[in-house]
Amino acid sequence: MKNSINTLVFCLAFISGFIIMSIELLGGRILAPYFGSSIYVWGSIISVFMISLSVGYLLGGKLSTRDPGLLPYGSFFLLAAITLVPAIIYGDTAMDAVFLRIEDPRYGSLVASGLLFFLPVAILGMIAPYSVRLLVENTHHSGQVAGVLYFVSTIGSALGTLLTSFYFVLFFEVNQILMTMVLVLVISGFSSVICGKFLS
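Each residue of the sequence shown is one higher than the one before, starting from 1337 at the first, in our numbering.
Treat the hints with care, as some may be off.
Claimed, not checked - What follows is a list of derived Cβ distance ranges for each label pair:
| # | residue 1 | residue 2 | range |
| --- | --- | --- | --- |
| 1 | P1422 | G1379 | 22 to 32 angstroms |
| 2 | S1340 | A1433 | 43 to 53 angstroms |
| 3 | D1428 | Q1480 | 37 to 47 angstroms |
| 4 | Y1376 | I1425 | 21 to 31 angstroms |
| 5 | E1473 | A1433 | 43 to 53 angstroms |
| 6 | H1477 | T1429 | 43 to 53 angstroms |
| 7 | N1511 | S1374 | 18 to 28 angstroms |
| 8 | I1438 | L1394 | 22 to 32 angstroms |
| 9 | S1478 | F1502 | 19 to 29 angstroms |
| 10 | L1394 | A1433 | 25 to 35 angstroms |
| 11 | S1374 | H1477 | 19 to 29 angstroms |
| 12 | I1523 | S1374 | 20 to 30 angstroms |
| 13 | I1387 | S1411 | 21 to 31 angstroms |
| 14 | P1369 | R1402 | 25 to 35 angstroms |
Hints listed in this document are in silico derivations from the structure and should not be mistaken for laboratory results.
Heads up, the beta-carbon is just placed ideally off N, CA and C, and yes, glycines get one too.
Model the full structure from these sequences, guided by the hints.
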C-alpha cells in the first residue's frame, strides 16, 4: 500500500512541475499583446512565479504538519484548477483593465502577472513540501526522499518547458492548452482523493 501511495505522489509531483512551467511560458504569450515580450515583461512573470512558489512552499510545509493525507493533497490540485479558470475566462478583460490603468509596461506586466497567476501558482507550490511529508517515513531518509522528489518534479518542469515551447504553442491556442492543464489538475486531484479513501 505504501508503495502505491509513493508512486502516486511521485507521479503527481511530476505533473505539478510540468504544469507550473507550462503556465509560466504561456504567461508570456498572454501578456505579449498588451505589454510586449521584452526582458522586463519576462522579469515580471518570473518574479511573480518565484514569489508565488515561495509562498506556496511555506504554506505547504505548514499544512503538512497537520494530519497529512491524500485527501487534502488532492484538494491542492483541485483548488489550483479552480483558481486557474478565471485566468482563462477573464484573462483578456483583466489585461485590458491593467493596460488602460498602468502605462508603464514594467509595472503593468507585473500587476497583470500577479492578478492572473499568483493564486494558482502559490497553490501548486504547496504540493512539493506536502509531497515530501507524505513520502517520508522517518527523518533518517528525509533528505534522500526530498532529493528524489525534487528531481522528479524538476524533470517534469523541464519537460513542460520543452513540450510547451516546442510543440503545444504551435498546434493549440493558449486557452486550449490552459483548459487541458485544468483538466489534468482535476483528474490528478480526484485520483489523489479516491486513492486516499481506498488506501487509507
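When the structure is checked against the list of hints, which entries are broken? Sort them ascending.
9, 11, 12, 14
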